[in-house]
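Chains as they are written, first to last, in the working numbering: chain A, 1 to 211; chain B, 1 to 308.
Because the hints were derived from the structure by calculation, they are not lab data. Positions of the beta carbon are idealized from the N, C-alpha and C atoms, including for glycine. Take these hints with a grain of salt, some might be off.
Claimed, not checked - One side of the interface only, derived from the structure: several residues of chain B facing chain A at Cβ under 10 Å:
| # | residue |
| --- | --- |
| 1 | G192 |
| 2 | A220 |
| 3 | A268 |
Said to hold, decoys possible - Covered stretches of chain A (chain B as the covering partner; in silico rule of three or more C-beta atoms under 8 Å from a C-beta of chain B):
| # | region |
| --- | --- |
| 4 | 13 to 25 |
| 5 | 55 to 67 |
| 6 | 118 to 131 |
| 7 | 196 to 202 |
Residues per chain, in single letters:
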Amino acid sequence: MTGLGGLTIAVPRGALLGDTLDLLDRLGADTREVRGNDRKLLFRDAGLVTMRPSDVPTYVEAGAADLGITGKDVLAEHPERAVYELLDLGFGPCRMVFATVAGEDRAAEALRRLGVMRVATKYPRIAAAFFERTGRQAEIVEVKGSVELAPLTGLVHGIVDLTATGTTLRENGLVIREEIAASTARLIANPVAHKLKAAAIDDVVARIRGG
Amino acid sequence: MIHRIPSGTRDVLPDEMRELRAITEAIRGVFSGRGYGEVATPALEYEGVLVRGDAAAADPAYRLFDERGQVLVLRSDMTIPLARVIATRYPTAEPPLRFCYFAHAYRSVQPQRGQPREMLQAGIELVGAPGPEGTAEALVVLCEALVAAGLQNWRIGLGDASLYPRLLDRIGVPEGARAQILHELVTRDYVGLAREVERFGAPDLLELPQRRGGPEVLGAPETAQLADLHALLPADVAGRVIFDLGLSRSLGYYTGAVFEVYDAALGAPIGGGGRYDDLLGRFGRELPACGWALDVERLHAARVGEGR
């Protein structure tokens, strides 16, 4: 079989887009229009629908797409999404880390003297679970963008965020204190499509595995 | 004036109610034709009684206290209340016993997801008829109910809750490693499953649960029960079945065959059920049992999604 066998795939825009489109090319999908147009969202003929990575599990769980590609970080933040996690695609490697301003560790000081530290993150559930698991009291402050700003302004003592190279952290004077988890792109499937379109999905999985 | 109702609850007005009624009346006709007697049980039960059935299933979302301080819960399904009824009201009745119900069940919701707290279920319990014959009867009634409800593009995913534990036995996976492996399976994480089973060097641990399709996916020693069941299914039922060797339902009381109903028009299962041969024993009447429930509102949504 070539192409996507009639399946609809939720494609993440942003850092994972390039590798995702290369993978789809190898599967025989037509990605030219996606590559040529960064405003259009739905490519019905090609079976592709593009969106923020964090929206991919939402569309796949509801069956608006049969398959999807998104980061493990997104899946870990939303464990309640009923989707199958079929493959580790290997690309888009990054780490979920705990970072604070360079120099003396203000978070450790807050924990010692105040008994609780404030931590900003876009991943409140991953962060809360991490500090609970490691027996530390943390007040989680959810922010929507530029998490690095939060400790620099005194809003929080540290951050939990995703980093690929650490450049943004370094440029903002932050250092990684602890690594929480590693993340790569994953192939996910809607639970109903996983049964009703089993042959097409298994074919895609086999061809990705086979390189 | 606008007055609020709790999130996840809703009012049903005549247009919708007419369509829901048409579905439930059609299903009721099937149940009664097949000799299933309709029962109703209280929405409120003593927590201490339901906990006997299954700690997870009896982890109710809504607890309240009666005037004497006893803990009451809103039932989260009908299977456990019916196990109580059978043990209490039919302690000596000659099996098999056939019951059906149309009742609301109550679940907790995750915020902002539009999930219902209150679901209308239509279902049956077939008590004292062991598998595979009892399971086959339950599946036949399920198919008749779906046809009567006017649904067209539905399929039944059929698996076995005991399949993977028996596979773990065959491979000799130590007890201590099993909880994490089963967790990956139940949370549908095959990347995690691959990581957890790699060290046992047995490809079946990863490949078997991913097999889905027609009877050609059967064959491993752990699938003998499913093959026996398949042999008993009439052609129209067998034609709707997708064997799914990794199917796991979240309730802990299933002991054998488990199944779910899918429709291409809906991204989530419409209902499901399975065998629970130990459940009634926990209430004092040792009888094998099998049952299922359809979510009537999802069934309705799937019908609308099919354009009917």
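Okay, the hints, checked on the actual structure:
no. : hint       : in the structure
1   : G192       : 7 Å, holds
2   : A220       : 17 Å, violated
3   : A268       : 7 Å, holds
4   : 13 to 25   : violated (count 0)
5   : 55 to 67   : holds (count 4)
6   : 118 to 131 : violated (count 0)
7   : 196 to 202 : holds (count 4)
Hint check: violations occur at hints 2, 4 and 6; the rest are consistent with the structure.
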